[in-house]
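With the hints as your guide, set chain A onto chain V.
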Amino acid sequence: MGRDQIKTALFRVFKDKFQIVDPGVDENLRDAYEFDSIDAVELLHEIELMLDSKLTQAEKKSAMDIRTINQIVDYIESLSAARAGAGADGAGERLSAAER
Amino acid sequence: MARRVVITGCSAITPIGRSRAEILRHLTEGVSGVKPLRKDGFLSDYIHSGVFGTVDYPIDYDFKRSHSKTMGPVSFYACQVAKEALAASGLDPETITSGRLGVAFGSTHGSPSAQRSIYKTFFTEAGTDRRLTSVGAVDYLKSMVHTTAVNITKMFGITGRVISSSTACTTSSQSIGFGYETVKFGLQDAMLCGGADEYDTTTVAVFDNLLACSTEFNATPHLTPRPFDVRRDGLVVGEGAGAVVLEDYEHARRRGADILGEVIGFSCNNNGGDLILPNIDGITRTLTLALETAALDPAEVDFVSAHATATKMGDVIEAQAIGSVYGQGPVVAGLKSYVGHTMGACGVIETIITLHLMAEGIVPPTLNLDEVDERCAMIRHSTRLAEQPIRTAAIQNFAFGGVNTCLMLRRFDG
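Just so you know, the sequences run in chain order V and A.
Each step along the first sequence adds one to the number in the working numbering, with nothing skipped, and position 100 is 100.
Each step along the second sequence adds one to the number in the working numbering, with nothing skipped, and position 151 is 151.
Don't read these hints as lab results, they were simulated from the structure.
There could be a bad hint or two in this list.
[Said to hold, decoys possible] Here are some chain V residues pointing at chain A (derived, C-beta under 10 angstroms):
hint, residue
1, F18
2, E34
3, H45
4, Q71
Beta carbons are placed, not taken as given, at the ideal position from N, Cα and C, and that holds for glycine.
Isolated chain V, as found in the complex:
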């Protein structure tokens, strides 16, 4: 998943799930849109669906300081890279076919 693809997918999630249309990529989401910790937990679930991979508790906790769209894109890129580097048995809890 490239950076532009991630951004497009994220904007769709923000519009459909949070009714936030075209947020500025460096805007503080909390200040601009009252995007709070409840929203963040909902977003993490959307990211799991996007990556087709469950996030670990540590990965989720590491996201709690994220404030902007660009930071979210960085976060997803790093998760994606970790999973690609680790292969099918690797980071997070990528699902085997048998688990689905």
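Coordinates of chain A only, in the frame set by chain V:
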């Protein structure tokens, strides 16, 4: 020292409309708000009862996302009537957020549609990745029992007491009663009180399974429920919401508030036994306790809003209790005949309708009461629209669990 408690604002969402004029038009023209049960793709095909007290008009909500994201349909109803009741009261933002105004608001069981969303995580469809399903972050906030009360506190920045009754059919009468006591004894200067319940077929299924729902009028919904009538065949579940602002009389008077009525008494007790069957001793005690709290003689009560769900035994027991306490004194109407049984909202909706009747000086007939069941004949039924001043009224509600309430209202004559 006990304080006088007055009502300075109200708002309702009912199957017969929202405004006083609209509600009174339905009552005076004998128009029912009971409609065919909607297909829900879930339970409706398995339920024998095919009727529902339905809010079938659009409501223009104007809530910010940060407020609405924790609301199920029940909280949308609750916050809308709360917003309008507060506006009608004229209370300023400083008072609302001062800590001297609290909230007493509830529903039968939070938001059932949000609860369904939670249950779905346990029953994922074939082919769905179960490890990627989870309970939504806001699902609990939408579904919890006190969801209406705290969505209201959040929306208006209310920092006072929170009471969230959830006692089925006595939910909102308890809200008003407990709110009344809270102001009366000086714990708060004002209380925003009420209840709400959303469109929900699971509630219909519960009563249907207990053989308590109306089933014989599915093709003619407006002919049911039929409180006290020989052809009554059970209750009709409904939806709706209502809110009233209760306020210390001196507080209201000082700020020149428009006063809609006065709460002068409240009783609440339990039958101390069966959780479902109506109990003549328990209900009779509720009615006499209410008179005692209001220091009233039975002859001073002009109007009784009966719980009157149109179940076979419930109506008989209630009529006997009213007969033993009041005889043929006050005129008795069953307002659920117009709107169905709005569950957690019924007490406050019936209170608001009674305020409207007091203001108009009219009593509507119990709809569909064509022939009084002789076992219910010992009281003075309202069988036709009548001009009649109401100075003092009793609002009676009884719930599963053996919970009984009675609110005493007085017209405010200055």
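A quick look at each hint next to the structure:
no.: 1; hint: F18; in the structure: 7 angstroms, holds
no.: 2; hint: E34; in the structure: 4 angstroms, holds
no.: 3; hint: H45; in the structure: 6 angstroms, holds
no.: 4; hint: Q71; in the structure: 19 angstroms, violated
Hint 4 from the earlier list is the only one contradicted by this structure; the remaining hints agree with it.
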